[in-house]
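S.K.: Following the hints, put chain G in place on chain Y, whose structure we already have.
First to last, the protein sequences are chains Y and G.
Numbered per my numbering, the first sequence finishes at 312, counting up by one with no gaps.
Numbered per my numbering, the second sequence finishes at 312, counting up by one with no gaps.
No incorrect hints appear here.
What follows is a list of derived Cβ distance ranges for each label pair:
#	chain 1	residue 1	chain 2	residue 2	range
1	Y	Ser270	G	Asn28	40 to 46 Å
2	G	Asn306	Y	Pro230	49 to 55 Å
3	G	Arg182	Y	Asp244	37 to 43 Å
4	G	Lys269	Y	Ala163	31 to 37 Å
5	Y	Glu160	G	Leu111	37 to 43 Å
6	G	Asp114	Y	Lys290	46 to 52 Å
7	G	Leu187	Y	Ile176	43 to 49 Å
8	G	Asp175	Y	Asp114	48 to 54 Å
9	Y	Asn306	G	Lys269	43 to 49 Å
10	G	Leu111	Y	Gln191	41 to 47 Å
11	G	Glu160	Y	Ile133	32 to 38 Å
12	Y	Asn306	G	Leu188	51 to 57 Å
13	G	Pro153	Y	Lys214	21 to 27 Å
Note that these hints are calculated values from the structure, not bench results.
Just so we're clear, the structure is a prediction, and the values are computed from it rather than from any experiment.
Even for Gly, the Cβ is constructed at its ideal location relative to N, Cα and C.
2 protein chains.
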Amino acid sequence: MTSGTTARAPASIANLGPGFDVFGLAVNAFYDEVTLKKTKGGITIISDGSVPSSPRDNTAGIVVSNMKRRFKIGGGIEIAIRKRVPPGFGMGSSAASAAAAAVAFDRLFRLGLDPAELVEFAGTGEKASAGAIHYDNVAAAVLGGFAMVRTDPLDVIMIEPPADLRMCIAIPKIDIPKKKTRVSRGLLPKQVRFSDHIVNLSNASAMVAGFEEKDSDLIGSAIQDVIVEPARMRMIPGFSKIKDNALKAGAAGVTICGAGPSVVAFSKKSADLEKISTAMAKGFASAKTKCMTVVCKPTKGAGIRNKAKAMP
Amino acid sequence: MTSGTTARAPASIANLGPGFDVFGLAVNAFYDEVTLKKTKGGITIISDGSVPSSPRDNTAGIVVSNMKRRFKIGGGIEIAIRKRVPPGFGMGSSAASAAAAAVAFDRLFRLGLDPAELVEFAGTGEKASAGAIHYDNVAAAVLGGFAMVRTDPLDVIMIEPPADLRMCIAIPKIDIPKKKTRVSRGLLPKQVRFSDHIVNLSNASAMVAGFEEKDSDLIGSAIQDVIVEPARMRMIPGFSKIKDNALKAGAAGVTICGAGPSVVAFSKKSADLEKISTAMAKGFASAKTKCMTVVCKPTKGAGIRNKAKAMP
Numbered sequence: 001m002t003s004g005t006t007a008r009a010p011a012s013i014a015n016l017g018p019g020f021d022v023f024g025l026a027v028n029a030f031y032d033e034v035t036l037k038k039t040k041g042g043i044t045i046i047s048d049g050s051v052p053s054s055p056r057d058n059t060a061g062i063v064v065s066n067m068k069r070r071f072k073i074g075g076g077i078e079i080a081i082r083k084r085v086p087p088g089f090g091m092g093s094s095a096a097s098a099a100a101a102a103v104a105f106d107r108l109f110r111l112g113l114d115p116a117e118l119v120e121f122a123g124t125g126e127k128a129s130a131g132a133i134h135y136d137n138v139a140a141a142v143l144g145g146f147a148m149v150r151t152d153p154l155d156v157i158m159i160e161p162p163a164d165l166r167m168c169i170a171i172p173k174i175d176i177p178k179k180k181t182r183v184s185r186g187l188l189p190k191q192v193r194f195s196d197h198i199v200n201l202s203n204a205s206a207m208v209a210g211f212e213e214k215d216s217d218l219i220g221s222a223i224q225d226v227i228v229e230p231a232r233m234r235m236i237p238g239f240s241k242i243k244d245n246a247l248k249a250g251a252a253g254v255t256i257c258g259a260g261p262s263v264v265a266f267s268k269k270s271a272d273l274e275k276i277s278t279a280m281a282k283g284f285a286s287a288k289t290k291c292m293t294v295v296c297k298p299t300k301g302a303g304i305r306n307k308a309k310a311m312p
Numbered sequence: 001m002t003s004g005t006t007a008r009a010p011a012s013i014a015n016l017g018p019g020f021d022v023f024g025l026a027v028n029a030f031y032d033e034v035t036l037k038k039t040k041g042g043i044t045i046i047s048d049g050s051v052p053s054s055p056r057d058n059t060a061g062i063v064v065s066n067m068k069r070r071f072k073i074g075g076g077i078e079i080a081i082r083k084r085v086p087p088g089f090g091m092g093s094s095a096a097s098a099a100a101a102a103v104a105f106d107r108l109f110r111l112g113l114d115p116a117e118l119v120e121f122a123g124t125g126e127k128a129s130a131g132a133i134h135y136d137n138v139a140a141a142v143l144g145g146f147a148m149v150r151t152d153p154l155d156v157i158m159i160e161p162p163a164d165l166r167m168c169i170a171i172p173k174i175d176i177p178k179k180k181t182r183v184s185r186g187l188l189p190k191q192v193r194f195s196d197h198i199v200n201l202s203n204a205s206a207m208v209a210g211f212e213e214k215d216s217d218l219i220g221s222a223i224q225d226v227i228v229e230p231a232r233m234r235m236i237p238g239f240s241k242i243k244d245n246a247l248k249a250g251a252a253g254v255t256i257c258g259a260g261p262s263v264v265a266f267s268k269k270s271a272d273l274e275k276i277s278t279a280m281a282k283g284f285a286s287a288k289t290k291c292m293t294v295v296c297k298p299t300k301g302a303g304i305r306n307k308a309k310a311m312p
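Chain Y extracted, bound-state conformation (with noise of 0.2 Å):
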């Protein structure tokens, strides 16, 4: 029996305000590991126990059943996961833990796939968690850095952020219900109206060129969503509280931090991220919720860890 090999990869923000379904960005928060080995038969899992041991609830699971059937590799796989992306919170987490399984499985046997075919793989997992394959966290979390996807066809382009972006991160201490994410999706409006339309498309445009143009004032003043946030904002005690008391603070741009029930701020280096992040905790505890803070920037794409390590 080998050592194995381990990938990780990172938390991602999705939807980010007016980039709903399209956006996504890698973040420095935390980081998922995957840890692949040979074995005599089946698929099973390691974990810490916070995710489904099944590997057809498993994200992990599925990525790794997928890459096994689609390039017909017999034998057995044990995946060992390190969670360290709080699941459930808005980070990307499921999308983590595809990307590192996707990545690792292909470095285990050789299969020198492209990004793009890594994005699709990780995509599949995302089903474990979401009820549907959205590729805006996984081709961050395969990529890096700021991901934009099409589907039908996928297609993903990725653009390098600003090197002084940051975000600051309130992640509150709240029970998260089960299948949140369809939870959330179910609060999505059917319609949009034109006007509202035209509103996210020009700021989603305009995060484009902030991000191209390494713009991260341009960034987070165009992260205005007029759709997808007063639709979610009300499954996040003292939301309204918390935005303008990071707005207050300094911040650039808040908004719902993937499917939430996270908030994030988007700012600069240069600006006072403590301060920030403490106006954020004041607005939850507004709402008698608690919360952790992290303060993060962009952060590179899964890859392999040099020496696979021990699995807790």
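M.R.: Leaving out everything else, chain G in the frame of chain Y:
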């Protein structure tokens, strides 16, 4: 009496597929020229008769009146308009006159306005034709290149287009209804399906990346619009055929030019642009409609002509 100050401004393509009300692109297909002269009293208009002669109804006249009032400039002004952008065909004809008027006025009275102010004044002229202020065409006509507009507050981002980008425009020989822009806006849906919103948003985002990364293929492939084009295409005889023909002839993307009825195909310098143009003309012919075709490329914005020329 001086010989006057002459500015010229280019035609422009607004809407640009998924970029409705947000994107504008200045093109070298046609230019309007406006010459302003100080006179003893009132605002008078000299033209070839294709545009209204009353300053209150004329795009350039409105711009000049508004600038005169804002900067408290007394005396009269003679506005001579050399109209070359065909009015009513979706090529930013009124915006070209408005942009040229604003730039000429700025120079004549040595105001030293910045580009954003020029866009704002030129935008007031759009009211004459569109019934409301839209900045997509005027931003392109003033600034040149690819312009993205966010309104409320007005913010314009200009991106230099790829050098190899080419457009084939087919301009049908049909009668244009009065208040065409208002009519074509009336065809727009009040509500947009959420899924369609996402499709157009992802395509618009990809277009911005295409302009930023000077990738004409990406621009062309992303210019797909599932909202405005389906609503407006019935205004254009033979649209589906024109589009199919152009794509088969090698165009990367095809969409309605502005509010129509012209049709624009996006392509690269290396493509067979004559073949694409002919294919589009055959599309119009299939609906018993004649057209003229123009091959053009992005151009810079409104500027002062070095030497004032005699008006026709």
